[in-house]
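Undergrad: Single-letter residue listing:
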Amino acid sequence: MSSAAIRLERVSKRFDGRVVAVDDVSLEIAAGEFFALLGPSGCGKTTTLRMIAGFERPDSGRIHVGGADITDVAVHRRDMGMVFQSYALFPHRTVTENVAFGLRMRELPKPEIARRVEAALAQVALTGLEARRPAQLSGGQQQRVALARALVIEPRVLLCDEPLGALDRKLRQQMQFELKELQRRLGVTLVFVTHDQEEALAMSDRIAVMDRGRIEQVGTPAEIYGRPRTRFVADFIGEINFLESEPGAAPRALRPERVRLAPPGEGRVAGAIETANFLGGSTLYRVRGDDGRLLLARETHAGDRAPRDPGQRVGLVWSDEDAVTLER
Amino acid sequence: MSAARNRTPFDAGRAVYLAVNALLVAFLLAPIAVILVFALNPTPYISFPPVGVTWRWFDKFFSGADFMNALWLSLWIAACVLVLSILIGGASALALARGNLPGRAWLTAFFMSPLMLPAILTGLALFQSYLLAGLGRPVWGLIIGHTLVAVPYVIRTTLAVLHNFDRRIEEAAAVLGAGPIRVFFEVTLPLIRPGVFAGGVFAFIVSFDQFPVSLFLVQPNGETLPVVLFNYMKFDLDGAIAAASTVSILMALSVVLILEKLIGLKAYVKL
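Chains A and B, in that order, are what the protein sequence lines are.
Under the numbering used here, the first residue of the first sequence carries the number 1, and numbering increases by one thereafter.
Under the numbering used here, the first residue of the second sequence carries the number 1, and numbering increases by one thereafter.
Please keep in mind that the hints were generated in silico from the structure rather than gathered at the bench.
Among the hints, erroneous ones may be present.
[To be verified] Derived DMTMM-like pairs: lysine to aspartate or glutamate, alpha-carbon spacing no greater than 25 Å straight-line:
(1) B:K234 <-> B:D209
(2) A:K170 <-> A:E154
(3) A:K170 <-> A:E239
(4) A:K180 <-> A:E154
(5) B:K261 <-> A:E299
(6) A:K110 <-> B:E186
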């Protein structure tokens, strides 16, 4: 399967009577990359994806795929695969007919269509359900049909709009692994829209964090988590402490796992544990300092040690190089 | 707790609910039963209780040339109205739901207005218009009159389906390589078909039963069944009327059942 790079060049989109949905966005997505557009609802991530797919036309800016400018190419000529949050399966067609649709539109010979549909269904472990209608499938199975239908045309680019959003937690995690494995095996460029930061961190090669139509930061999951550039990114991804700084100085932030709980009297802040959120492998403590401020500290459990009790007095220790300086 | 409730032998709320429903159904069906009783009763006037069973009124109906001509004309007109109102109503509903038309609410109200207007006014208005235009009373004029009254039914049922339509399904087809025309025939049309045909069934029945509009627009020798029955009733009130009504009801019922079998109105109503 060939894959294509995507380039967005100063793309903007405004809907009638509303604020700017996408504001001057430029992006480079490499061929074969697993790329996430991450942000809260209304941040412009879905509109960006829909412009790549061709459902929306940018007001300004250009979109290139595989080196060619496709800004003015109609949706049905873009050769892309797309998985929708609601799956958007054809309810009046069987699983086989759903998956065969794209091949039929390409007017391929019937035997080839049959062969490729069979292979695609095997790839997503749906063999045996060929004659069912979407309404007769579980959510996870519908998800796989949507995936097979998008992949069977061997698209250069696979676009996914919150494809796992409708699944329950366990299934969702399983599909995260499967989708990533499938993408790696096929080598297809995959652009993935999600509001779930854990999902984005877990699956992506790179992430673009968006807010109010703009891109806040682009980077690998480790960069985004470890070196957030802005207050928004730091706050949106995982938990974070914002440290006090002198007026006029750049804000600084510190991940809770960089804060060590020490006996009272040690460290920079003395206080008491207010709440303890036991998370299995670790516990997230909210500590109220004697000066009134709240700080988060994460402690990994060695062995079967029980979490500390609320009310316990502690000192908080961290080193300055673990704090991240934010641009704004 | 819920298991205990399930075991409760008598649920008063449910009993009342079923009783009210049974009463409603009885209220709706009782007149039809009465018609059937009259149609089979041998007395030459409508009376109760029945004194026997006879087929003579059905014989009279089926052997009467006036009745038969009117029945075929009505069926033929209703078939034309079915086709026309499906085409016009379906297309109008699509335009109203999808067209981004200015003043959409007004347009919808305009298209629905034949439902608000007493049909007898529609008939009178058409009659005068045809007269002014010097057209006389052609059969196609009658078909247009019926279609005018029937189209809102198709628009309404089609709009209901379009209202719940997930447009992502059309987008999915487009991204898979279907151009706008193929999207329409492969996805949109099959999915709105149940709504369109449900409206078509109404349209057929509205036309087949149509009296007020027909009253003004029929030719003296080309009268539809309801008009013939009305004229017959002015002089004779015997079982032939009841037999004709029974046949009409069966006709309408079979159209509904045939369409249901052919198109499967229920097959994918859940979109």
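Undergrad: For every hint, state whether the structure bears it out.
TA: Outcome of the hint check:
For the hint pairing K234 of chain B with D209 of chain B, the CA-to-CA distance comes to about 18 Å; that is within 25 Å, so the pair holds. For a cut-off of 25 Å, the pair hint linking K170 of chain A to E154 of chain A is broken: about 29 Å separates their Cα positions. For a cut-off of 25 Å, the pair hint linking K170 of chain A to E239 of chain A stands: about 23 Å separates their Cα positions. Restraint check for K180 of chain A and E154 of chain A: satisfied, since their Cα atoms lie roughly 16 Å apart, inside the 25 Å limit.
Taken as a hint, the K261 of chain B and E299 of chain A pair is broken in the structure, with Cα atoms around 67 Å apart against an allowance of 25 Å. Between K110 of chain A and E186 of chain B the alpha-carbon distance is near 18 Å, which keeps this suggested pair within the 25 Å criterion.
When held up to the earlier numbered hints, the structure conflicts with 2 and 5 and fits the remainder.
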